[in-house]
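Peer 1: So the sequences go chain by chain: C and F. Note that the first sequence covers residues 1 to 139 in our numbering. Note that the second sequence covers residues 1 to 146 in our numbering.
Cut-off 27 angstroms, straight-line C-alpha distance, at most; resulting in silico cross-link-like pairs (DSS-like, lysine-lysine):
#, chain 1, residue 1, chain 2, residue 2
1, F, K5, F, K66
2, F, K94, F, K66
3, F, K82, C, K54
4, F, K127, C, K113
5, F, K94, C, K131
6, F, K94, C, K106
No lab work stands behind these hints, which were simulated from the structure alone.
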Amino acid sequence: MTIPNFEALNVGDEIPSFTTEPVSRLTLALYATGSGDHHPLHLDQDYVRSKGMKDVFAHGMLGMAYLGRLLTQWVPQGAIRSFGVRFTAITWIGESMVCTGKVVEKLEQNGEKCVRLELTCANEQGEAKHKADAVVALA
Amino acid sequence: MLIDKKHIGMKVPPHAVTPTAWQLKWFAKATGETNPIYFDEAAASKAGLPGVLVPPTFFFCMDMDKDEPFDYIATMGCDFAKMLHGEQIFTYHKPVYSGDTLDFDGQVTDIYDKKNGALQFIVKDVKVSRQGEAVCDLRTVIVIRA
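Based on the provided sequences and hints, a complete structural model is requested.
Peer 2: Printed below as a string of structure tokens:
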């Protein structure tokens, strides 16, 4: 994987996006195993109904992991300097996550040429579930 | 009830985690990862890596990998049912791999509220190191609803 050229990038440029498969109960079971988070809110429909909710919902960190994949499909992971997310809405079963990112700033940080990216994980209706930003060092 | 700010500075009991290729394989499957350096030991080895590469957000999973990951919230007298994960921030220093032993050392660094206490925020900062070398910092912001 080659690191994108700093000089060739401009504020407003988009990085390659993707849309996930719809989040399913199986996705959440797999994420529970992979993450170690077996909270019943994500797995047990009887439990969530007893709490007055309509259905189980996705782990917030699943969406952040999708955005992590968006970054590591664009640059080698070692180029990521920081990565932060705000959780803004719940992701429900059946929603596909549209993961997009764009350059919002070009900067020098600790002597490295970097770009700041704004990343969004949204459903197909455009409702943002997670808003993130990342600083990536470029060649 | 507002959380007592005396808890700012509270140390979280440290713990150590050794990520396994087995768990990372399930994490990759769950997140749709197709690059084999994240789940296949042979592919990682062929790429010159000492183990399967730990992906960017897996540090959070390892931070939670202890008996009582929210003991610090309980100590503050907060109701778990009112707890939300508000923000998560990572700062990266070095890549880490399956088989590395990582030390997690955390502390509550801020407590503040908004909307006259309707939302309270607890900030926990964790330093992750491998044999004393810093590899990653985590900041977890937990929101407590009134």
